[in-house]
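In order, the protein sequence lines correspond to chains A and B. Mapping to the working numbering: the first sequence position 26 is 26, numbers consecutive. Mapping to the working numbering: the second sequence position 14 is 14, numbers consecutive.
Honestly, I wouldn't trust all of these hints.
[As the list claims (entries may be wrong)] Under the rule of at most 27 Å between Cα atoms (straight-line distance), these lysine-lysine pairs were calculated in the DSSO-like manner:
#1 Lys52(B) with Lys100(A)
#2 Lys77(A) with Lys108(A)
#3 Lys108(A) with Lys40(B)
Note that these hints are calculated values from the structure, not bench results. Everything numeric in this text was worked out from a predicted model, so none of it was measured.
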Amino acid sequence: GDSVTQTEGQVALSEEDFLTIHCNYSASGYPALFWYVQYPGEGPQFLFRASRDKEKGSSRGFEATYDKGTTSFHLRKASVQESDSAVYYCALGDDYNQGKLIFGQGTKLSIKP
Amino acid sequence: ETAVFQTPNYHVTQVGNEVSFNCKQTLGHDTMYWYKQDSKKLLKIMFSYNNKQLIVNETVPRRFSPQSSDKAHLNLRIKSVEPEDSAVYLCASRQGNAETLYFGSGTRLTVL
Numbered sequence: 001g002d003s004v005t006q007t008e009g010q011v012a013l014s015e016e017d018f019l020t021i022h023c024n025y026s027a028s029g030y031p032a033l034f035w036y037v038q039y040p041g042e043g044p045q046f047l048f049r050a051s052r053d054k055e056k057g058s059s060r061g062f063e064a065t066y067d068k069g070t071t072s073f074h075l076r077k078a079s080v081q082e083s084d085s086a087v088y089y090c091a092l093g094d095d096y097n098q099g100k101l102i103f104g105q106g107t108k109l110s111i112k113p
Numbered sequence: 001e002t003a004v005f006q007t008p009n010y011h012v013t014q015v016g017n018e019v020s021f022n023c024k025q026t027l028g029h030d031t032m033y034w035y036k037q038d039s040k041k042l043l044k045i046m047f048s049y050n051n052k053q054l055i056v057n058e059t060v061p062r063r064f065s066p067q068s069s070d071k072a073h074l075n076l077r078i079k080s081v082e083p084e085d086s087a088v089y090l091c092a093s094r095q096g097n098a099e100t101l102y103f104g105s106g107t108r109l110t111v112l
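Bound-form chain A, shown alone (with noise of 0.2 Å):
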């Protein structure tokens, strides 16, 4: 079945460095990929999604490429604040039109000041 691979399970940064959480998929087609952040006590929060190759999403100086041929969909952010600690998940639309979504298993984000 489709799945989804988050590499890093957890990632300890400083403020102003680059991020990089690595996103994976396995499915047939083209799914549509998305990233969800969750703050503590909250439910994860759509921060954006690609649907065809090569496809750029981005909100909140987030940012990933749809790309077909690595099956990729790499989280960036070129400089984080401690504001950007959350858990961040990849996710796969699968029967999209159903609403269900394939999550990856989580990347905890920790930012020192």
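Take the given structure of chain A and dock chain B to it, following the hints.
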């Protein structure tokens, strides 16, 4: 801005008891969902309801049952809870084929 409301925030109970969690969305969406988030933060869909009809039912144990009175409400009942049911249960909603799922803050269940 919170638009998907879940109650209670926390619930502690013992093995074998029945529990019920409530979810209400004020966004006018026509589809609602229940997701389970385990202790390792893994998120898995459990149920989806569209206009009071169950349209996705993942392979969850039969002791779990969603209950909906109208399209703005989707509750979750668990009969005879077990230790592995300890998790955060997240409710979400979506309008039609729109891309964004809106999640509530979750109900954390602890089964002793």
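Hinted pair Lys108(A) and Lys40(B), Cα distance within 27 Å: 11 Å, holds
Hint consistency between Lys77(A) and Lys108(A) [alpha-carbon to alpha-carbon, up to 27 Å]: 15 Å, holds
Hint consistency between Lys52(B) and Lys100(A) [alpha-carbon to alpha-carbon, up to 27 Å]: 17 Å, holds
The structure fails none of the hints (numbered hints given earlier).
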